[in-house]
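Work out the full structure: start from the sequences and follow the hints.
Here's the letter readout for the chains.
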Amino acid sequence: MIRIKGLKKQFAGAERPVVNDLDLDIPEGELCVLIGLSGCGKTTTLRMINRMIEADSGLIEVSSRDISRQDPVELRRHIGYVIQQVGLFPHQHIADNIATVPKLLGWKPARIQNRIDELLSLVGLEPAQYRHRFPRELSGGQRQRVGVARALAADPPVMLMDEPFGAIDPINRVNLQDEFLNILRKLKKTIVLVTHDIDEALKMGDRIAILNEGKVLQVASPDELLNRPINEFVASFLGNGRSLKRLSLLCANDVCISGPPIAGSSMIAANSSARTALSMLLESGSKMLGVSDASNTVIGHITMETLQARLARRESND
Amino acid sequence: MSLLIETLDFIQNNSDRVIDAGIRHVNLSFSALILAALVAIPVGIWLALTGRYVLLIINIANVGRTVPSLAILALAMPLLGTGFTPSLLALSLLAVPPILINTYVGFTGVDADTIDAARGIGLREAQITMQVRLPLALPMVFAGLRTAAVQVISGAVLAAYIGGGGFGEFITSGVAMMTIPMLLVGAIPATILAIAVDTLFSALQKTITPKGIRTS
Amino acid sequence: MNWFMRNWENVIVALWQHIAISGSALLISLVVAFPLGVVAARHPKTRGIILGVTSTLYTIPTMALLALLIPIVGLGRTNAIIAMVMFSLLVLTRNITAGIQGAAPDIVDAARGTGMTPWQVLVQVELPLAMPAIVAGLRVAAVTVISVTVVAAYVNAGGLGTLIFEGMASDHAPKIWVGALTACALSVIVDVSLARAETFFGRRAL
Chain X
1 MIRIKGLKKQ FAGAERPVVN DLDLDIPEGE LCVLIGLSGC GKTTTLRMIN
51 RMIEADSGLI EVSSRDISRQ DPVELRRHIG YVIQQVGLFP HQHIADNIAT
101 VPKLLGWKPA RIQNRIDELL SLVGLEPAQY RHRFPRELSG GQRQRVGVAR
151 ALAADPPVML MDEPFGAIDP INRVNLQDEF LNILRKLKKT IVLVTHDIDE
201 ALKMGDRIAI LNEGKVLQVA SPDELLNRPI NEFVASFLGN GRSLKRLSLL
251 CANDVCISGP PIAGSSMIAA NSSARTALSM LLESGSKMLG VSDASNTVIG
301 HITMETLQAR LARRESND
Chain D
1 MSLLIETLDF IQNNSDRVID AGIRHVNLSF SALILAALVA IPVGIWLALT
51 GRYVLLIINI ANVGRTVPSL AILALAMPLL GTGFTPSLLA LSLLAVPPIL
101 INTYVGFTGV DADTIDAARG IGLREAQITM QVRLPLALPM VFAGLRTAAV
151 QVISGAVLAA YIGGGGFGEF ITSGVAMMTI PMLLVGAIPA TILAIAVDTL
201 FSALQKTITP KGIRTS
Chain U
1 MNWFMRNWEN VIVALWQHIA ISGSALLISL VVAFPLGVVA ARHPKTRGII
51 LGVTSTLYTI PTMALLALLI PIVGLGRTNA IIAMVMFSLL VLTRNITAGI
101 QGAAPDIVDA ARGTGMTPWQ VLVQVELPLA MPAIVAGLRV AAVTVISVTV
151 VAAYVNAGGL GTLIFEGMAS DHAPKIWVGA LTACALSVIV DVSLARAETF
201 FGRRAL
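Chains as they are written, first to last, in this note's numbering: chain X, 1 to 318; chain D, 1 to 216; chain U, 1 to 206.
Be aware that a few hints might be false.
[Stated by the list, open to error] The calculated lysine-lysine pairs, modelled on PhoX-like cross-linking and capped at a C-alpha distance of 25 Å, are:
#1 LYS203(X) <-> LYS186(X)
#2 LYS211(D) <-> LYS103(X)
#3 LYS8(X) <-> LYS215(X)
#4 LYS203(X) <-> LYS188(X)
#5 LYS245(X) <-> LYS203(X)
#6 LYS45(U) <-> LYS206(D)
[Said to hold, decoys possible] Counterexamples of contact, computed for chain D against chain X with all Cβ distances above 10 Å:
#7 SER15
#8 VAL26
#9 PHE30
#10 ALA48
#11 VAL54
#12 VAL63
#13 ASP111
#14 ILE121
#15 LEU123
#16 LEU136
#17 GLY165
#18 ALA203
#19 GLN205
Simulated from the structure, these hints should not be mistaken for lab results.
The C-beta atom is built at its ideal place from N, Cα and C for all residues, glycine as well.
Right, dumping it as structure tokens:
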């Protein structure tokens, strides 16, 4: 869906290129996270995909079309763009903000209005209540919801998101991440998301590309990345507690073994994370946890040993 | 006060002259404002969008804002003569700096992230100027017009001295002949006109401020 | 230019008168504006009235105000100075108020916390921090006052305006030029100097 080959960009007056011969392929429907230290080129790369920054050399193809041959404005109308500060038009209602691109594309008014209602519901804002509000009446989190709605308005196949949750307070950030993960997965769009928060990357990405000095060091699924970091840099970038992070990617369901727990054991839901299971074991001091599914049927149990074994198995398996 | 009665008497006896002066005054002020706006607003927008010659032009405008109005009006005499047109040109010149500076500041002051988002979702530069920059800059532009309007009305009083007519004529004659009522016939309407225009522009400014960014 | 050479003493006299009138007016205005500004800053309710009245005064056409004062104070310097004070009051008051309000609240809070009296806080902390805004206001006020003084020649206050008016009355172009250009030069020099002062205080306050 998105193909980047040999991408290069050096800003005037800079000692080195900020993007230096970067290759990356993103298949359709994938949410790929670009992450790295400041100055690694992640935001620059993102902004070259919709030609907000022009590349010095290299190839970028979106939907198998070379973007350098397209009119940049037309290109952008078919790519969703979400930035950290949201950038809603303060002088327009929420409804008008969302309607921006559909209007540019000449949609009929009725279709636009339906779409606005549809999108507001999708991002969790009651249409009747929010249509005629102004951006400054909304909280940061609400504004970003509108920002995403605006980006989705014309139903673009590709979305670019530059630290979309960076300006939102930590508590709301987690909620928004979860909600958007749901929305975006349902919509099956190809998404490139830039962040500097490794936990956000691990939570949201189908694959994560770790950038450094303008190149992709490793691009892999969260699990593979945690399991087999390609070098020291990536390993240290992922941070301490890689095992814990891996556990949070697994469900209780994935690590439990069959057989009933001993009487008096605490229970954990099958869809809780394995990391929560570990927490519960440590806090309660008990040897075993029972795992139950949605209908409260016991489906197995978890012990410290099973967790360790599971981690070790995955380590040697892949 | 007997002074007031004398003044009212004077107005009654010379009503056509007073009305005539009033029309001239408003005409002169209005025309100067329009002329200045026609020059200053496009230049201000051009400066804001292209960024060229900004330092030069803004510095000249700042100097223009500083110089005493009478100095400019007086210089019109040796250069252009006396009468309506020289007055008009001098007053327009005086009105340009506040409008120009406010237009420039208004257009450049639009939040950079808003412009980035506008560009990123696919608005053309012209569309960004018309749909985003312009509505957000209008309050500032109108503030500049308001300042200029008051300045022009004040200047038009002085323009009587170079043959521009208007309420200033009564003041100059009144001082020359030391006739207080005549003097007041010039001064009071001029004052009322200035305050009225200021109030009008203030209300206009509030109206054209997009609802989304009104602070009240 | 020849005229200038022959009559430069007159020009100097006019210039000196101009500076004297403008300077005294500015000083008086400052003295009046300070308490007004402080009151407006401290008592939000008064702010509307104080700024409203001074704003209206600012709107009145220069010549009209001078003329309106004639029945009350006659002609001469006093007339001019009163008018100038009325004009410059708005800018100075508004800037003093804004400057005091703008002083970072945590610095003021810390000052109060160390046990300073409100007066000490005002003089030692708030006013120094308000200096950039005050100087900015002074800059606009000075330019305004110089401009008004030019017109004030009309009510026999003296100053560079006398050259201009005489020149216009007798159609004597050199007088007009010299008077006008000197007035402009004075204005620009004062503006630039106070602009430098503004930057100086701005850097210090940070």
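Structure-based check of each hint:
1. Distance check on the hinted pair: LYS203(X) and LYS186(X) sit about 16 Å apart at the alpha-carbon level, within 25 Å; holds.
2. Between LYS211(D) and LYS103(X), the direct Cα distance comes to roughly 21 Å. Compliance with the 25 Å bound is thereby established for this hinted pair.
3. Distance check on the hinted pair: LYS8(X) and LYS215(X) sit about 9 Å apart at the alpha-carbon level, within 25 Å; holds.
4. Between the alpha carbons of LYS203(X) and LYS188(X) the distance comes to roughly 17 Å, so the proposed pair stays at or under 25 Å and holds.
5. For a cut-off of 25 Å, the pair hint linking LYS245(X) to LYS203(X) stands: about 10 Å separates their Cα positions.
6. Distance check on the hinted pair: LYS45(U) and LYS206(D) sit about 22 Å apart at the alpha-carbon level, within 25 Å; holds.
7. No Cβ of chain X comes within 10 Å of the Cβ of SER15(D); the nearest lies about 47 Å off, and the non-interface call holds.
8. VAL26(D), annotated as away from the interface, keeps every beta carbon of chain X farther than 10 Å; the closest lies near 33 Å.
9. Here PHE30(D) stays apart from chain X, with its beta-carbon at least about 29 Å from theirs, past the 10 Å limit.
10. Its beta-carbon lying about 17 Å from the closest one in chain X, ALA48(D) satisfies the requirement of being farther than 10 Å from that chain.
11. No Cβ of chain X comes within 10 Å of the Cβ of VAL54(D); the nearest lies about 20 Å off, and the non-interface call holds.
12. Consistency note on VAL63(D): stated as away from chain X, and its beta-carbon is indeed over 10 Å from all of that chain's, at 33 Å minimum.
13. Consistency note on ASP111(D): stated as away from chain X, yet its beta-carbon is not over 10 Å from all of that chain's, at 8 Å minimum.
14. Distance check for ILE121(D) against chain X: the nearest CB is about 5 Å away, which does not clear 10 Å, and the non-interface claim fails.
15. Listed as a non-interface residue, LEU123(D) fails to keep its Cβ farther than 10 Å from every Cβ of chain X; the least gap is roughly 7 Å.
16. A cut-off of 10 Å between C-beta atoms contradicts the statement that LEU136(D) is not in contact with chain X; the least separation is 6 Å.
17. Remark: the non-interface label on GLY165(D) is consistent with the geometry, its nearest Cβ contact in chain X lying 42 Å away (cut-off 10 Å).
18. Every CB of chain X lies more than 10 Å from the CB of ALA203(D), the least distance being 19 Å, so the non-interface label holds.
19. Annotated as non-interface, GLN205(D) keeps its C-beta farther than 10 Å from every C-beta of chain X; the closest such distance is 15 Å.
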